[in-house]
Structures are given as C-alpha cells and as structure tokens.
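> Under our numbering, the letters of the sequence shown match residues 5 to 239, in that order.
Possibly wrong hints are sitting among the right ones.
[As the list claims (entries may be wrong)] Derived lysine-lysine pairs resembling DSS-like cross-links, with alpha carbons at most 30 angstroms apart:
#, residue 1, residue 2
1, K90, K108
2, K148, K116
3, K182, K100
4, K90, K77
5, K145, K116
6, K90, K182
7, K145, K108
8, K100, K90
9, K182, K77
Calculated from the structure, these hints are not laboratory results.
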Amino acid sequence: MQNVVIPSIVVGTDVETKSLRPDAYILSIGLAAFDIATLRLIGASYQAINPNDEEASRVFHTDPATIGWWEGKDNPDYAPSEAARKEAFSGTTNIKDALWTARKFLEDLGNKPLVLTMRGPDFDSPILMNAFAQCDVNPGKFRKFSMLDSDRTAERLAHAFGLQPDMDAEAHNWTRGKDYTEHHAGFDAAKEGYLTARFYHLALIARTHGFPRMLEAHEQMRTGEYIATDFLREG
Numbered sequence: 005m006q007n008v009v010i011p012s013i014v015v016g017t018d019v020e021t022k023s024l025r026p027d028a029y030i031l032s033i034g035l036a037a038f039d040i041a042t043l044r045l046i047g048a049s050y051q052a053i054n055p056n057d058e059e060a061s062r063v064f065h066t067d068p069a070t071i072g073w074w075e076g077k078d079n080p081d082y083a084p085s086e087a088a089r090k091e092a093f094s095g096t097t098n099i100k101d102a103l104w105t106a107r108k109f110l111e112d113l114g115n116k117p118l119v120l121t122m123r124g125p126d127f128d129s130p131i132l133m134n135a136f137a138q139c140d141v142n143p144g145k146f147r148k149f150s151m152l153d154s155d156r157t158a159e160r161l162a163h164a165f166g167l168q169p170d171m172d173a174e175a176h177n178w179t180r181g182k183d184y185t186e187h188h189a190g191f192d193a194a195k196e197g198y199l200t201a202r203f204y205h206l207a208l209i210a211r212t213h214g215f216p217r218m219l220e221a222h223e224q225m226r227t228g229e230y231i232a233t234d235f236l237r238e239g
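Let the sequences and hints guide you as you build the complete structure.
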C-alpha cells in the first residue's frame, strides 16, 4: 500500500488563457501558498504575460470564442468584468520568464510536502505543462502529478460536513484587503488555496483535538477573526 503524504502547504494555482485547449496561450499565472497549520498566506506570485507576443502566437492557440467571452459577447452576464479583462490583457512579461518565475516560486517553498490545488486540474495543469515543454523550461515540481488537487473536492467535502466558509467574512484571508476580481489569476489562486487549506486545517484540528474542537474553530473562522494558534493548542 502506497504511503499517503499529508501536505503542510497548499499552493493555489490558476491560469487565465486565450483558449480552452491544452495548447492555449496563457495570459497570466497566479500562485498562492498557505501554511496549513497556521492558515496563513506565506507567499504569492503573479505574472501577467504579454498577450501580443508574435513568437508565442505562433506556438500557442488563441480561440476567437474565448476572446469573445473575455469581451462579453453572447452571454454578457457570464463574462468577466471589464476590470478582469483589462488586467488579463495588460501583461508585458515574456511567457518563458513567467514560467521560470512560477517554477522558482515552488522551489523556494523548500522540501515541505505540498499540494497544488486548482479549480480544475484537468484544465490548468495540461496548459501549464504544455507551456513548459514548448518553452523548453524544466517544470520542476509542477511535473509531480501526485501533488495535484482540486479545490472543488475540498468545497464538496466542506459542504458534506457542514463546514462551508463565510465567503464575505473570510475573504480578507485571500484578498489581503484588496477588491477581489474574479478571473484574475492572482486572486483566484489565493481563493482556491485558502479554501483547500481551510479544510486541511480543520481536519488537522479534528485529528489532534477532536471533532467538537474542530466545530469551534470552524465557527470562529466564520467570524473573520480566527486565530489558528488558539485552536491548535489543547482545547
């Protein structure tokens, strides 16, 4: 039986793109690392990529339908906000440099066990791995597919156990006091990372101090004023 490694760090990971295919042109890469024990954001990386790079355009796919989605065509109620669209297409960074930065971010977290959580690993991970391959950048820890996780799994488990977060009260944990913009890779990565780390954190409390103590921690989280060290000590 294979040993299961429990992570100590959750890294929310998100990409915004110009296509839905695995060879999509990446517009931005967001990473946000949360320490499970303290439920604190311990590092973040955000790279907005030049959307008009001629060399990248020859290698990566742009879908007119996806561009139309960004521009609010067909279904404007579902489209990103104008602020999100402007941010997504405002980048100046070269894709290869952005990939090196993303790889270095994971390396700098050290050798602690971690998971990469994404809203949809089946979408984000193939796009990232193709970009690493096309740009001839060693993906480093990104190639450890056993680390991939989905924040949808944590979300479903939270609902199953009645442990849903208060999204308004707890938002400061991933927005850091800024106005949250959906479809911004930096914000979305942080949100995904927090929600997954939150569930792991509650599981840690339940395992260490019992289910009732975990419920106390959950209710305190929902006030927006949670202090992890108060609940990791003996209850």
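> Give a verdict on every hint.
Verification of the supplied hints:
{"no.": "1", "hint": "K90 / K108", "in the structure": "holds (27 angstroms)"}
{"no.": "2", "hint": "K148 / K116", "in the structure": "holds (14 angstroms)"}
{"no.": "3", "hint": "K182 / K100", "in the structure": "holds (28 angstroms)"}
{"no.": "4", "hint": "K90 / K77", "in the structure": "holds (15 angstroms)"}
{"no.": "5", "hint": "K145 / K116", "in the structure": "holds (12 angstroms)"}
{"no.": "6", "hint": "K90 / K182", "in the structure": "holds (17 angstroms)"}
{"no.": "7", "hint": "K145 / K108", "in the structure": "holds (9 angstroms)"}
{"no.": "8", "hint": "K100 / K90", "in the structure": "holds (22 angstroms)"}
{"no.": "9", "hint": "K182 / K77", "in the structure": "holds (28 angstroms)"}
Every hint, counting from the list given before, is met by this structure.
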